[in-house]
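FYI, the working numbering numbers position 79 of the sequence shown as 79, with every residue one higher than the one before it.
Note that these hints are calculated values from the structure, not bench results. The beta carbon of each residue, even a glycine, is placed where N, CA and C say it ideally should be. Don't take every hint at face value.
What the hints assert, rightly or not - In silico DSS-like links for lysine-lysine, alpha-carbon gap of 27 Å or less: (1) K67 to K92; (2) K70 to K92; (3) K11 to K87; (4) K67 to K99; (5) K22 to K97; (6) K24 to K123; (7) K123 to K97; (8) K9 to K97; (9) K89 to K62; (10) K11 to K67; (11) K97 to K70; (12) K9 to K67; (13) K92 to K61; (14) K9 to K61; (15) K11 to K22; (16) K119 to K92; (17) K99 to K70; (18) K73 to K11; (19) K97 to K73; (20) K99 to K73; (21) K123 to K92; (22) K22 to K70; (23) K89 to K67; (24) K73 to K9; (25) K92 to K11; (26) K91 to K61; (27) K91 to K22; (28) K119 to K11; (29) K73 to K91.
Stated by the list, open to error - The calculated label-pair distances, taken between Cβ atoms and stated as ranges, are: (30) G127 to K99: 28 to 36 Å; (31) K9 to H66: 25 to 33 Å; (32) L102 to H16: 20 to 28 Å; (33) I71 to A10: 18 to 26 Å; (34) D18 to S76: 33 to 41 Å; (35) N88 to G127: 28 to 36 Å; (36) T117 to T5: 32 to 40 Å; (37) V84 to R130: 26 to 34 Å; (38) S76 to T117: 36 to 44 Å; (39) E7 to K62: 34 to 42 Å; (40) K11 to S135: 33 to 41 Å.
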Amino acid sequence: MSLVTEEIKAKAEVYHGDEICKEKSQELLTEVGLPNGLLPLTDILECGIVRETGFVWLKQKKSITHKFNKIGKLVSYATEVTAVAEKNKIKKLTGVKTKELLLWITLSDIFVDDPPTGKITFKTPTGLFRSFPVSAFEVEEPKAAAAASKDVKENKDATKEENGAVEVKEV
């Protein structure tokens, strides 16, 4: 049974289609201070957010298992993933499990330390938790976008030099 009711949808920003939903989910993660690669879902049909409460959901065609290579962990995402997103935190998470030894364990909370320590913690409903480097869950910019960004910066710097502009940086 879905946790997303018509009443909730009526109050939400709802998006349809894989590309826009991936974009919006990554934007939301960045907005709340979490790494943008936490939800590597595919074939997303629908996503939504209720800004008042922070309730979010993502629906995909079929459940997937993703391996976070930097930490060697398998994570399973159900066809429907829901959560409440807050600053530096996801709570009341449903539809996400991680494999520990031979068992699949449900995750309920994810948070980064404030002030930042470079660690992200995953917690189960029973209170067990594990922490990993935040960098293991970040998606890097595509190389073309990064190169374009670098070119733009270099062009701005060259223009400043041509115009005799001097940039002063505080130390």
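Status of each hint after checking the structure:
no. : hint                    : verdict
1   : K67 to K92              : holds (23 Å)
2   : K70 to K92              : holds (26 Å)
3   : K11 to K87              : holds (21 Å)
4   : K67 to K99              : holds (10 Å)
5   : K22 to K97              : holds (20 Å)
6   : K24 to K123             : holds (24 Å)
7   : K123 to K97             : holds (11 Å)
8   : K9 to K97               : holds (25 Å)
9   : K89 to K62              : holds (26 Å)
10  : K11 to K67              : violated (34 Å)
11  : K97 to K70              : holds (18 Å)
12  : K9 to K67               : violated (31 Å)
13  : K92 to K61              : holds (22 Å)
14  : K9 to K61               : holds (19 Å)
15  : K11 to K22              : holds (21 Å)
16  : K119 to K92             : holds (20 Å)
17  : K99 to K70              : holds (15 Å)
18  : K73 to K11              : violated (35 Å)
19  : K97 to K73              : holds (11 Å)
20  : K99 to K73              : holds (7 Å)
21  : K123 to K92             : holds (11 Å)
22  : K22 to K70              : holds (21 Å)
23  : K89 to K67              : holds (22 Å)
24  : K73 to K9               : violated (33 Å)
25  : K92 to K11              : holds (19 Å)
26  : K91 to K61              : holds (24 Å)
27  : K91 to K22              : holds (20 Å)
28  : K119 to K11             : violated (33 Å)
29  : K73 to K91              : holds (20 Å)
30  : G127 to K99: 28 to 36 Å : violated (19 Å)
31  : K9 to H66: 25 to 33 Å   : holds (27 Å)
32  : L102 to H16: 20 to 28 Å : violated (38 Å)
33  : I71 to A10: 18 to 26 Å  : violated (39 Å)
34  : D18 to S76: 33 to 41 Å  : violated (19 Å)
35  : N88 to G127: 28 to 36 Å : violated (19 Å)
36  : T117 to T5: 32 to 40 Å  : holds (38 Å)
37  : V84 to R130: 26 to 34 Å : violated (21 Å)
38  : S76 to T117: 36 to 44 Å : violated (27 Å)
39  : E7 to K62: 34 to 42 Å   : violated (27 Å)
40  : K11 to S135: 33 to 41 Å : holds (35 Å)
Checked against the numbered hints given earlier, the structure breaks hints 10, 12, 18, 24, 28, 30, 32, 33, 34, 35, 37, 38 and 39 and satisfies all the rest.
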